[in-house]
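Residues per chain, in single letters:
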Amino acid sequence: MTVEHYYAPKHLDEALEVLRAGNATILAGGTDVMPQSESGKTPLRKTLVNIRRIAELTGIRLAKNEVRIGALTTISEMMANDLIRKHFPILAESGDHFASEQIRNAGTLGGNVCNASPAGDTLVPMLALDAVVELAAKPNGSVETHTTPLGSFLVGPGKTRRAQGELLVAIRIPVPPAGQVQRFFKFGTRPALDISAIAIGLAAVKTKGVLSHVRLAYGAVAPAIMRGSKTEAVLEGKRLTPELIEQAAQAAHDEVKPISDVRASDWYRRELMHNIVKRMLIDVHEH
Amino acid sequence: MGIAPEAQVETIAPHEARDAGTARTIEKDSLIGKRIAKLDAPDKASGKTRYIHDMNLPGQLHGKILHSTRVHALIKRIDTSKAKALPGVHAVITAEDVPYQRPLGVSKDHMPLKGDRVRSMRDEIAAVAADTPEIAEAALKLIEVEYEDLPPLYNVAEAMKPGAPVLHDQKPDNVAMTFDYSHGDVVQGEAESDVVFEDTFKLHYVTHCCMGVSGVIADFDSAGGLMLYSQTQVPFLHKREFAEILGIDPGRIRIVQPPIGGGFGSKLDIYPFEPIAIFLAKATRRPVKLIFSREQEFRISPTRQPVLLTLRSGAKKDGTLTFRTATTLHDNGAYTSWGATTPFVIMQTISSLYRVPHCKYHTTAVYTNNPYAGSFRGYGNLQATFAVEQHMDKIAEAIGMDPLAFRLKNAQDPGETTGQGMHFKSCGFKDCLRTVAERGDYLRKHAENIANQAKPERYKRGVGMASMLHVGGGAKIYPSDGCGTIVKIDDFAHVTVMTGASEIGQGSETVIAQLVCEELGVPMEAVTVVNNDTDVKPWDVGVHASRTTFIAGNSALGAARKARDKILAVAAKATGYDASALDLRQGTIVMAGTGEAIVPLAKLLRSLHFSEKADLVMTTHYYEPPSEHQDKGFKGDVSAAYAWASQVIEVVVDTDTGIVKMEKVWGAHDVGRVLNRLGIEGQIEGGVVMGQGYALTEELIVEDGVVKNPAFRDYKLVTAPEIPEMDVTFIESMDGEGPRGAKGVGEAPAICIAAATANAIYNATGVRIQTLPYTPENVYRALKGVNR
Ligand SMILES: Cc1cc2nc3c(=O)[nH]c(=O)nc-3n(C[C@H](O)[C@H](O)[C@H](O)COP(=O)(O)OP(=O)(O)OC[C@H]3O[C@@H](n4cnc5c(N)ncnc54)[C@H](O)[C@@H]3O)c2cc1C
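Top line first, the protein sequences correspond to chains C and A. Per this note's numbering, the very first residue in the first sequence carries number 212; after that it's consecutive. Per this note's numbering, the very first residue in the second sequence carries number 3; after that it's consecutive.
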């Protein structure tokens, strides 16, 4: 299908108006939209809406007890931002392993979320950090917004709960509680320009060797980024010991549902889950 | 008027400079061994180079090919009527439209357009020429094809079973080719052995990944002459072959080679897209440009030959090798390209890298419905060296000898003639071995790493060594292995070198210019190399077998020497000095002894041109190396010189993930002599990285005849941060036949890497992995003993 209408609105309001009519492709950085349309995987729809000029979708601000990250924030901007580096070091770190400089300058956080790849790199730390997404629509002539936890927003490969006509405007992440430790690990077979074979994000409060508020997020081991709730349960409220760590690593190994593809087999992904969760917890234990 | 005005006629008075009292002296200065920037580098770096992709001819159409969607099937019906009706389409052709087409390839088993049957997913069944690539693409989608599937053959073992489907009627057993070689008596060799090992090594599919995808532009003139803008590495051989496929006179084909974005052997054979573009040009009477997409490049271009190699080797307790038997099975794919003939090189490494008194070799190449392999830098030698060098380590360990001493004991020396008849006139092999071992501190690290294997550390360090032998003075596999050169010098002392050699990024034009400059005493800026037009350049067999610097270099030297002799003779006559007392330096005739400047070269040439016996300096030279054809048993001194190299690699293995990090590579290369230091360093560094990709990251994943990773996202080339530190030493054995002592080096640096990596991983972990590539998962599985 060829694009028949192209819009580049300056205001959220206008964009939502166009989206309400339906049959539109939203274009942010285009680093997923372009290759996917080029390969025929997701052809462009009749209307192409370039949202990059909408100021309301930019900026990173501290509001109440959370940080609000505009959907158009690029991976590079996110990595360089002081609020993010201070409160969510693992989110900044996930940018280090993300594609290449060129892609990081163009690709946005909103795009990474809405593309909903099971291997989306920023999604893993964001899920571990209890992120929620803020969505806007204009169903009856006026702009309405609502929020949804990231975990329930992502449903499967390329699938989200975003309704037609909705735009993701921001991602909101609560400021972490005192004593929170964070860890991130992306395993690809090479240091740059690689899609994750697995990725793990960990956030937990550590007091006197005991972990609480444990959040684990796993990437590329299930149809969508998943929480490691069984592993969390093993760890919650417990003192880290070599035995507990082994038990948690085993739980991680068992609870993921990876597939075999050209990047890695399911068996190998499980092995990596075990070995890397173990290394991460040893690291948390020792530091 | 045609007559030069009086004022322009320059005459040279004898002893002119001296008489003028302005004598200046010019020291002798050599370009050999200097770091000289490649002549094509500024244009390439600034984006000015015009590759075939950038070329467009007036009136040009765009060609696209419809490929099979089945691995093995009969074509029951092709309907092109809808495609033909699409506005903007000028021709849609199938095999029916080109009844004159003839098969191509090494065994002539491959029709450009397939009419009744497809044997692989790369098979070409129809083609379109249209005003734009988009229209051509849309037209392909309108072609209807009805298939009737045939039972497929995905592996060699199945294909060899009695009763297996037959892929080519003329080969009812599916055996595309066999090779047999022997010297001595392996039974006797085995009887004399104290240790014997037999192992099977499995080598995978990789592909060249040229940054410039494949393409061609075909254009007929009104008289029926064909102009082909082509990326070929062998323009003169291809003139003949195109003529056969097309049924036209080879003399009417002119091949122009625009700058090419990578060859590495991939353009050594004709593939169907080229004749198909020509068919389209013929059908439309318009120039037709046909360029692959990156995905097609992965799916359709040739691969490196995948090999299953079983090696049996023995040695005495004192470290003397006793025999070697190698049996290889090659997946030939659906059609035969050069990959099938890699045994030419594989057997050389088996028989002659080390002194092996008894040797036996056999290859069977078997048709399947998989991709076919072509030629690829190293031509089977990466595969052979992978097996041989792992066995060298294994035997050394079994007899309790250190791996260096064991290699030195069996390494070839200068002067040796091997069982296969290769005569090593220059041979720096032992120097290579000692040099890398010392620079890499190999023996100490090797022992230390073994001691560390049992420790519980996550990261294990290992060092591995491997060496290689490769042709370094051409390879006489065709009736001739020669190259011609024409040198002309204009009135301003600008030199044009017309060489038969083709430039594929390896730096040949720079080294050829350098050799000519050295001979004629002119600066590099004074030379233009013309090397891309078969109507201009003299014959050459092509760019392959690491031959260009050696063969084309010698040819250029010959032509330059003739030009030099002529210039000095003219100078002698003009100045009254004896020619032997004169020299050429910095574009000036000087006194050889003192460097005293006598007369500028340009002035001398003009005086020759505008004299009564008017003449120009134009010389030609044809060089044919003093090598031999192999006999039917593959014996003979096939190259005029042989290149050697040893490499030591240090790796760190992460036992938690299987990641192998290549930290450092030490290389010692017997290159005869360094001509362009910058060029040869680049060649070696690039080759090491190509070898690294083969060893660690690259794999064309083929499942049931289908390429599963036709994109750089999933076909993993090495990226910059992964490239190891390199320490390269050149061993200058000064080959007597080589141009100023040089030997070929193009393929050498890629050859040892996988083998040395295998040995390094073993040294780190105690686990020997005989299957490539060493991707994290494959290594991790091997460490855990869990097969796929
Ligand atoms: C070479 C390469 C390497 C890559 N490497 C990585 C990597 O390492 N890790 C990784 O996670 N990803 C990677 N990607 C994928 C991609 O870069 C990221 O997903 C990026 O974050 C997408 O952002 P974008 O702004 O370019 O999105 P776009 O391509 O513009 O959009 C992506 C999807 O989201 C929708 N969308 C975008 N913004 C909104 C919005 N505000 N509201 C509603 N819908 C919206 C679009 O319609 C589209 O469906 C890579 C891509 C390339 C080309």
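Derived by calculation from the structure, the hints in this document are not laboratory data. Incorrect hints may appear among the rest.
To be verified - Each pair of labels, with its calculated beta carbon distance range:
hint : chain 1 : residue 1 : chain 2 : residue 2 : range
1    : C       : HIS222    : A       : LEU680    : 38 to 48 Å
2    : A       : GLN772    : C       : ILE493    : 29 to 39 Å
3    : C       : LYS252    : A       : VAL177    : 56 to 66 Å
4    : A       : ASP81     : C       : ARG372    : 22 to 32 Å
5    : A       : LYS86     : C       : SER363    : 52 to 62 Å
6    : A       : ASP81     : C       : LYS221    : 19 to 29 Å
7    : A       : ASP45     : C       : PRO246    : 29 to 39 Å
8    : C       : THR356    : A       : LEU719    : 40 to 50 Å
9    : A       : ARG357    : C       : LYS252    : 51 to 61 Å
10   : A       : TYR461    : C       : VAL354    : 52 to 62 Å
Unchecked claim - Just so you have them, the derived chain C footprint on chain A, three or more residues with Cβ under 8 Å:
hint : stretch
11   : 58 to 71
12   : 719 to 730
13   : 769 to 782
Glycine included, each C-beta is placed from N, C-alpha and C at the ideal position.
Right, here's what the structure says about each hint:
Between HIS222/C and LEU680/A the beta carbons are some 57 Å apart, a value that contradicts the proposed interval 38 to 48 Å. Between GLN772/A and ILE493/C the C-beta distance comes to about 34 Å, which sits within the given range of 29 to 39 Å. Our hint of 56 to 66 Å for LYS252/C and VAL177/A is violated, since their Cβ atoms are close to 41 Å apart. Range check, ASP81/A to ARG372/C: Cβ separation about 45 Å, and the 22 to 32 Å hint is violated.
The hinted range of 52 to 62 Å is satisfied by LYS86/A and SER363/C, whose Cβ atoms lie roughly 53 Å apart. A beta carbon spacing of about 51 Å between ASP81/A and LYS221/C contradicts the range 19 to 29 Å that was offered as a hint. At about 30 Å, the CB distance of ASP45/A to PRO246/C agrees with the hint of 29 to 39 Å. For THR356/C and LEU719/A, the Cβ-Cβ distance of about 45 Å falls inside the hinted range of 40 to 50 Å, so the restraint holds.
For the pair ARG357/A and LYS252/C, the beta carbons lie near 57 Å from each other, so the given range of 51 to 61 Å is met. As the Cβ distance of TYR461/A to VAL354/C is approximately 55 Å, the hint placing it in 52 to 62 Å holds. Check on the stretch 58 to 71 of chain A: 0 of its residues sit with their Cβ under 8 Å from a Cβ of chain C, so the three-residue criterion for coverage is violated. Requiring three or more residues with a Cβ within less than 8 Å of a Cβ of chain C, the coverage given for the stretch 719 to 730 of chain A holds, as 5 such residues are present.
Given a C-beta distance limit of less than 8 Å, the hint that chain C covers the stretch 769 to 782 of chain A holds, as 4 residues qualify and 3 suffice.
In terms of the numbered hints stated before, the structure departs from hints 1, 3, 4, 6 and 11, listed from lowest to highest.
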